[in-house]
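Starting from the known structure of chain A, arrange chain B on it as the hints suggest.
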Amino acid sequence: MRITTRAVSVALLAPLALAACSSSDPGDGGEGGSTDAGACQPADGPVELDFTSWIPGIEGVVDVWNEENPDIQVSVQTGPNGNGGTYQNFFNQLEAGNAPDLGQIEYDALPNFRVQDGLENIGVCEDVAAAQDQFVDWTWAQASLGEEGALYGVPQDTGPMAMFYRSDLFEENGIEVPTTWDEFATAAEQVRETGGYITNFSQADINQFAGFVWQANGSWFTNDGEAWTVDLDSAESTEVAAYWDDLIERDLVSTYPGWTTEWDNAYNSGEVWTWNSAVWGANSIATGAPDTAGNWSVAPSPQWSEGEQSAGNWGGSTIAVLKGSEHLYEASQFALWLNTSEEALTMLNEEANLYPATTAGLELPVLSEGVEFYGDQAIYDVFAEASGQVSADFVWGPTMTQVYNDVSDGFAGAISGSGTLPDALTAAESSTVSALEAQAIPVAE
Amino acid sequence: MSTTTAAVPPSARARARTTGRKGNGRNGPREGFLPRTAAMLVMGVFTVYFLTPIWWLLVASTKSRGDLTTTNALWFSDIQLGENIAAVASYGGGVLPRWLLNSVLYAGVGALVATVLAGMCGYALAKYVFPGRELVFNVVLGGVLVPATALALPLFLLFSQVSATNTFWSVFLPSIVSPFGVYLARIFAASAVPEELLEAARLDGSGEVRTFFTVSVRLMFPALVTVFLFQFVAIWNNFFLPLIMLRDESLFPVTLGLYTWNTQVNQVPELRLYVLTGALLSIVPLIIVFLLLQRFWRTGLGSGALK
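Keeping their order, the protein sequence lines are chains A and B.
Quick note: to get the numbering used here, add 22 to the position in the first sequence (first position is 1).
Quick note: to get the numbering used here, add 3 to the position in the second sequence (first position is 1).
Pulled out of the complex, with its shape left as it was, chain A reads as follows (with noise of 0.2 Å):
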């Protein structure tokens, strides 16, 4: 008796010691911070900087800007990918008041990270404000969070979505290939009859849902400065709910889990014909699927009304400055470069497949080459259209780890037979606005 009263306190005393040193930490760490990075001057001496990030050869490209910048030293240090620990490392940081001057951040984790107070506006630079109409119109609507002259992260890449498809399969069996979401599911009820599925639809993949939603002009969140509306159910998004629904219901696209082994076995055995996907998936079948080499080709996604040029995105990140930083300038300088210097991003194409987010970035002699594994097809000009016709109205809310897990958790549900994506919709509303308040986040009625 007595060891486990004496053990519960001890257990219940470690969370109190953690609270004491959480509410003490973050006060040293704004303040000294907020009163140095308020302006974005340059410093006196030399500068060094820290940078965090997860993309594979990052080390490479900061390299040569260490080489051409005596004066801005950057070391850098990788991870995990944002929501595999990167993110909640952050928050650590931030807490305890070392977070790396820049760090590495999703579209979708922005606002996350805005709510907490844990970036610095980098718009107040001059040269930042400066760059503006280099880069892809929604790209800056998506890190400036629709504050006027505000800039919470430079843009670094995009997915804009287009849909690969097997021209052999499709040539063969005399289907056209589908350019409306009508004419896809009728070519779905043609390819079901051959035995084989048009499209994949995973249930995990919410990042994918929401870049169809997107290409239908919906939004999942809105935010008017003081309070976030929830669209989680909005009419565009049921509608797109509803769409896939009607496929699973009649057995006309599978539903493997993204990225397993299953999933590539589909692909690579032609069992699945086409992937509408981002810019880096091009990479993802090129693997998953080797023995179909030469028989892929990628055209626009197809539209929700005939004529429309309308395109989705899925995926992308920011380079931000972290709350805290006293080099603004500096760590602005470095993230301009890093996102529109020719040399960096096509090291960061070449390295990591990173599709830039500027438009000059777009016309890179890498991105204009024929792919082989696509019949020598140019297929980034056709992401280099998409990516102008991806809406600039699409934002993502603070909590968008609990709406991925909510509304995956209900698409599961769904594809094994409870209840309809659009329910799952529903609930994962409901669920998001409880998150929000249960983070005292102010949300509209």
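Keep in mind that the hints were calculated from the coordinates and are not lab data.
For each residue, glycine too, the CB sits at the ideal point set by N, CA and C.
A hint or two may mislead.
So the derived label-pair ranges between C-beta atoms look like this [stated by the list, open to error]:
(1) B:A167 with A:D139: 42 to 48 Å
(2) B:F224 with A:V86: 53 to 59 Å
(3) A:E364 with B:W78: 57 to 63 Å
(4) B:W78 with A:D398: 33 to 39 Å
(5) B:R221 with A:P68: 36 to 42 Å
(6) B:A89 with A:E284: 47 to 53 Å
(7) A:V86 with B:F242: 29 to 35 Å
Okay, now just chain B, sitting in the frame of chain A:
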């Protein structure tokens, strides 16, 4: 049931059924056919259950990237384990061997120091009477109940205060504490180290420290090996603490390094194969430690059971 049937010779029918396995059970106590089969079946199922993933890992790491998705997952195609190992060892400037070395350092040295500390602490708690002894022991017991994961974040904040995050010590220092080891060492020392022996040593003029290292440690050896093994595996598999503490890739243990690679598979597809081959390499040291030390460990568990 089994004891009564054990003495009865197998019936003709049973013998007919088991003719394929003549000569079974000649030595030792004989079990009936059914219980024996049932036991074998249960063990067989569990063996398959535990070994299949390792088998899969072994097979997968011998394949080329293309074969990985296209060929039977549980059987070999073109074996190219050597090439895979060479490729994985040189990827990223040869960082994987570095990670393995880090893991061996964290786990090997960490477990050794943890064992010495836990052994001394447990011995002191068992053999010396002093005020607050039970209090100290209960606090340590409380430590057993707090999962290591729950301590990672507070530790990070503490290390941040002294600017010691992202260092070797930020992972090493927390690893050398083993409350469970103290508990085990105390229980074991209480029964395995006779008071009379210590008296005799004291009479012969041996100091307490010398007695501990020359006499008591030998008697406590099986328990210490157990503590070492537990702690070695715990540190080797401890993923969360390094994840939170370390930023510098060259300090990563192998678990964190492979995890990092695995999250980059979408961008660099060849990493998928490297993660598999790396995972195979990373379990080799664990297997070696177990094979070398299991002899002692069995003694430890056995003697603990009898006393």
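How the hints compare with the structure:
1. B:A167 with A:D139: 42 to 48 Å: Because 26 Å falls outside the window, the suggested range is violated.
2. B:F224 with A:V86: 53 to 59 Å: 57 Å, holds
3. A:E364 with B:W78: 57 to 63 Å: 48 Å, violated
4. B:W78 with A:D398: 33 to 39 Å: 36 Å, holds
5. B:R221 with A:P68: 36 to 42 Å: Distance hint for R221 (chain B), P68 (chain A) is violated at roughly 59 Å.
6. B:A89 with A:E284: 47 to 53 Å: Given about 30 Å between the Cβ atoms, the range is violated.
7. A:V86 with B:F242: 29 to 35 Å: 33 Å, holds
Against the hints set out earlier in the document, violations occur for numbers 1, 3, 5, 6.
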